[in-house]
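Peer 1: Quick note, the sequences are listed as chains A and B, same order. When you line the first sequence up against my numbering, it's residues 5 to 464, in that order. When you line the second sequence up against my numbering, it's residues 5 to 464, in that order.
Hints are computed from structural coordinates only; laboratory data are not their basis. Treat the hints loosely; a few may be bogus.
Given that identical chains are not distinguished, each listed pair holds provided it fits within a single copy or across any two copies.
Computed cross-link-like contacts, BS3-like style, restricted to lysine-lysine with a CA-CA straight-line distance of at most 27 Å [said to hold, decoys possible]:
1. K345 x K125
2. K115 x K348
3. K260 x K458
4. K281 x K331
5. K349 x K260
6. K260 x K331
7. K416 x K260
Here the structure is a predicted model, which is why all the values come from computation and not from measurement.
2 protein chains.
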Amino acid sequence: MSSKNGIKQLFNPESIAVIGASHNPHKVGSIILKNLKEGGFTGNLYPINPDTSPILELKTYSSINRVRGTVDLAIISTPANTVPKILEDCGRSGVKAAVIISSGFKEIGEKGEKLEEELRKTIERHEITVVGPNCLGVYDVDSGIDSIFLPSYRMGRPKHGNISFISQSGAFGSALLDWSAEEGFGISKFVSYGNAIDVDEVALLEYLGNDKDTKVISMYLEGANRARDLIEVGKKVTQKKPVVCLKVGRTEAGVKAAASHTGSLAGSDEIYSAAFKQAGIIRAETIEEMFDYSRAFATQPQLKGKKIAIITDGGGFGVMAADSAEKHGLQLAELSKKTKKFLKKELVPYASLNNPIDLTGVANEEHYSAAIDACMADPKVDCVLVILLLQPPNVSSDVIETLIEINSQHRKPMLVCSAGGRYTKTHTDILEDSGIPVFPTPDRAAKAMATLYKYSKIKN
Amino acid sequence: MSSKNGIKQLFNPESIAVIGASHNPHKVGSIILKNLKEGGFTGNLYPINPDTSPILELKTYSSINRVRGTVDLAIISTPANTVPKILEDCGRSGVKAAVIISSGFKEIGEKGEKLEEELRKTIERHEITVVGPNCLGVYDVDSGIDSIFLPSYRMGRPKHGNISFISQSGAFGSALLDWSAEEGFGISKFVSYGNAIDVDEVALLEYLGNDKDTKVISMYLEGANRARDLIEVGKKVTQKKPVVCLKVGRTEAGVKAAASHTGSLAGSDEIYSAAFKQAGIIRAETIEEMFDYSRAFATQPQLKGKKIAIITDGGGFGVMAADSAEKHGLQLAELSKKTKKFLKKELVPYASLNNPIDLTGVANEEHYSAAIDACMADPKVDCVLVILLLQPPNVSSDVIETLIEINSQHRKPMLVCSAGGRYTKTHTDILEDSGIPVFPTPDRAAKAMATLYKYSKIKN
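With the hints as constraints, model all of the structure from the sequences given.
Peer 2: As structure tokens, then:
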């Protein structure tokens, strides 16, 4: 199994060889070389190609053996049948880690399985750390590592943040990164590990558990080969930081589909649920939940109790939030007398001072300010869900600054739900950029809040 | 109870009096007058204001009595205490229908309840049809009726389509319209009925059940006062067209919140579920489901069997779709020998010909064309879910035209799932505009498809 030090080279190499970089700019290796050169990677780059005329103006080598100096990481995208020899050359040349993008291994059957067996021997012989084959590889926002061969006009690259993703599926991973880039969600590291010949989800989970730039780990899984290790490692990691897992292959049809996709023998879904529970891993049922929970964890302090206050300018949204909060294990806080007295003075006479606090459609930013501030300061309230509908005409844009300011003054979780079109989005983007996650529906916001509480119970 | 003819005047009046239109452009009545004048309404408009200098260049009348000729619809936004007299004047002048936007009625307690009692007497006396009070009123894309006092920069107006919405909550309704406008979902009619002094959800359901421009009815409900009527009317309407209902107030916390919002005595959630089932009304659990189901119904032919084919270029998304399809009552079709033989010839050797059909990351538009066409033509397949991830580099933009063309040649439901950022959205917007709904996650797409099947069983 790969050492921690080997995995470190995936994210922080000082030098990278791109084996399969080509003079044809459309080849996978060329796209990777270009992304590395023009992205944030500042170390040494060595294109490897039998034709040694420069590629992208970089000195090109006929093989890895010809490179003088250390190569920390090799990214390999040549045809499957050439990979065993190339990896062996890498091992002999002292390359510490490799990402094998190439497909055509065990996923295509017996012939590929044989090639994989050869790779396995090389890995043991040289103690080289390998991600793949048949994967997208690694994306690290901070170090600029980007082995993803998809052009950036088709798949956006997300900005810096503190969520790290582990994906068994490449296509799932690319959709996830593209989505994150579009929505402005920040990430730290991403790994698509494909056939997992060496580095698998357990090794990555352990590494990211100790990674100071990762605040929350989010996984997509079809099947785990080392279930017992997953539980043991999971137990340790989830005491340090939350782990969210979207495990698919839940029904008979899904299990069959997973077997044909990643060859995962998914096993009974109940067993996975039990294993996750034991490990303290939080299961996401859908892609939305995976994102929602990760974003809440990435930005919010620990939620210490289950008493939620809901503040809204739309009664119906308040009802939905209350339904979801209760359904998912939170309790609507009984506001303190002081809070109620204060709100009676500050809000319109027909505002509802029960929880949900309904500011009604006449709400303005002062009403929001008063209500949020009072709830944040109320010792009977553990967290605040703000429903901010911007269609009513009295809420001015200043409300955004108010929310950001109040949020910075308190150490209680605060999530926002806001639904609407362009005008709404323009405003909520600012909240997102300030570390206040915004959810499009009240049930998703309340469920994310409930998941913060779920994790606080796992941790204690 | 209001006559069908009265309700017709809400959507198709030839003349409208706006009572509360003012020389101050920020007043609710002024915004409404402006929206009517500048929107699609082509009939006669009568601003009513004690100061009879022209408003928005329209001849202004001191009271409804002064208007010569018939007034089909009055939209009233004056202070609550002035409304009983105004409505009485409307009744005497032969106005057929009124929308009372004003709040300050039973939702504020005893004093308002008294005012509402006066309105009720007028309604009986003159057989006038009334929507409201305390509501947003009516939006009809085709006739240009727009009583919504929210400025269009804050709340977009959706384009023409065949979904009609009924909302007990105004704020919910405005978020819903804004969202529809942003996402490009087309609607026919929208009514926010507020306190439901006269026109309620049952009356609207019955009317829209007979409305030829409405293909699907979507409702937001906190509580029904006429549960028995809802079931009876629902039974009839759902034999003609699908009805989707988001009923909130499901938990103890939600029931309490609903009581304080619309005064609805929500009653037990199980009773509602049973009533909906009896009526054939499809219950949506979330706002997303409400939209997803409505969009599928609005565009798709009836789904006659439960055999689904899933076509994907990302294996993981295929697994998720299979999970969701099975979970929600569909079955993965066993493809016919002819289809399999054809696909073996057309696709790459390592593509999975089981269902889900995995075109893999090398998929191009020809692979999609072959697979979709074969499934659409396969008698063992009732419907097709196409997962179209556009991050992989081989799928050209032509795939969009291919999908639209194949869809136009068959009478089987086809839904698309596509996830990603700007590049993806640019392409999927074209599908949406061509009547092929696109869903952001495989589980939502499969669930929407399963709901089509659910309705076909209700209807038969």
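Peer 1: Each hint: holds or not?
Peer 2: Status of each hint after checking the structure:
1. Taking the closest pair of Cα atoms, K345 and K125 never come within 27 Å of each other, the shortest separation being 73 Å inside a single copy and 39 Å across copies.
2. In this assembly of identical chains, the alpha carbons of K115 and K348 lie at most 27 Å apart only when taken from different copies (19 Å versus 75 Å within one copy).
3. For a Cα distance limit of 27 Å, the shortest separation of K260 from K458 across copies, 25 Å, qualifies, whereas the shortest one inside one copy, 32 Å, does not.
4. Taking identical chains as interchangeable, the C-alpha atoms of K281 and K331 lie at most 27 Å apart whether they share a chain (19 Å) or sit on different chains (22 Å).
5. In this homomeric assembly, K349 and K260 come within 27 Å of each other (Cα to Cα) only across copies, at 23 Å, whereas the closest approach inside a single copy is 61 Å.
6. For the homomeric pair K260 and K331, the shortest alpha-carbon distance between copies (14 Å) is at most 27 Å, but the shortest distance inside one copy (32 Å) is not.
7. In this assembly of identical chains, the alpha carbons of K416 and K260 lie at most 27 Å apart only when taken from different copies (25 Å versus 44 Å within one copy).
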